[in-house]
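> For reference, each letter of the sequence shown is one residue, going 1 to 266 in full-length UniProt numbering.
Be careful, since some hints might not be right.
No farther apart than 16 Å at their CA atoms in a straight line, the calculated lysine to aspartate or glutamate pairs in the EDC-like style are these [what the hints assert, rightly or not]:
hint	residue 1	residue 2
1	K186	E196
2	K15	E88
3	K22	E88
Bear in mind the hints are in silico, worked out from the structure with no lab data behind them.
Note that this is a predicted model, so its numbers are computed, not measured.
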Amino acid sequence: MEWENQTVLVEFFLKGLSGYPKLELLFFVLILMMYVVILLGNGTLILISILDSHLHTPMYFFLGNLSFLDICYTTTSIPSTLVSFLSERKTISFSGCAVQMFLGLAMGTTECVLLGMMAFDRYVAICNPLRYSVIMSKDSYVPMAAASWFAGLVNSTVQTAFVVQLPFCRNNVINHFSCEILAVMKLACADISGNEFIMLVATTLFILTPLLLIIVSYTLIILSILKIRSSEGRSKVFSTCSAHLTVVIIFYGTILFMYMKPKSKE
1 MEWENQTVLV EFFLKGLSGY PKLELLFFVL ILMMYVVILL GNGTLILISI
51 LDSHLHTPMY FFLGNLSFLD ICYTTTSIPS TLVSFLSERK TISFSGCAVQ
101 MFLGLAMGTT ECVLLGMMAF DRYVAICNPL RYSVIMSKDS YVPMAAASWF
151 AGLVNSTVQT AFVVQLPFCR NNVINHFSCE ILAVMKLACA DISGNEFIML
201 VATTLFILTP LLLIIVSYTL IILSILKIRS SEGRSKVFST CSAHLTVVII
251 FYGTILFMYM KPKSKE
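Construct the entire structure; sequences and hints are all you get.
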């Protein structure tokens with residue numbers, strides 16, 4: 001009887017703001033403006049960091065990667081969300097959903113690991129300035145960035161592969177703007193405890209481990225800054241970390257809220 005209730009889904013319905021049709025045009029304009037700002041801002045930073053030879057440093061190399069990630073990360077979901085606002089048929093194919101899950105998770109994981117690498121870069125720059133050029137040479141920071149991308153691809157490949165193999169029943173309504181992996185998992189008519197365990201392991205490796213590196217790095221940075229006697233000197237040194245720290249708080253705050261509760265209904 002269980003198999004009789006199962007069916008091969010060919011598409012999913014993205015609920016999003018479908019319950020508020022009068023607000024869809026407003027959200028379309030707001031999200032489109034936000035997307036354009038993201039593209040222009042990050043694109044400009046990438047272009048400047050490439051053209052200006054004075055910015056060919058480890059920190060700006062990481063920032064260039066981070067900007068490219070932000071463009072890719074938002075592009076995996078925002079364009080399809082904008083289309084859904086203008087369309088009465090708010091669906092996405094099963095294969096399209098799988099691609100969206102893969103790309104979104106790959107970009108998100110890569111950004112987590114990359115932020116950890118950037119925290120280490122700031123630690124070396126502030127706590128070991130005399131050895132900075134030796135420790136953070138091109139032979140070091142390029143493989144560090146490459147390792148971040150590799151981690152994202154591995155994590156996304158494994159998790160997406162396990163999710164697409166799940167059997168799905170007649171319920172194909174995703175209570176989200178895009179094919180977010182947790183929302184898709186909840187639609188499976190099978191035990192997903194194995195998937196949740198894999199996600200827990202991935203969360204520990206690719207979210208909590210970089211976060212621990214960030215916390216340790218900034219603890220040492222703060223201790224080093226407190227040793228500076230002048231307040232002007234402390235402010236100047238800390239300003240080199242403020243942008244990265246802001247991104248860390250916003251990004252990790254969102255990620256931890258979403259992925260540390262695999263049994264939530266959202």
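> Could you grab the alpha-carbon distance between K15 and E88 and see if it respects the 16 Å cut-off?
Since the Cα atoms of K15 and E88 sit roughly 11 Å apart, the hinted pair holds (cutoff 16 Å).
> Below or equal to 16 Å on CA atoms is what counts here, so check K186 against E196.
holds (11 Å)
> Can the restraint linking K22 and E88 be considered satisfied, given a maximum Cα separation of 16 Å?
holds (13 Å)
Going down the numbered hints, you'll see the structure goes against none, and every one checks out.
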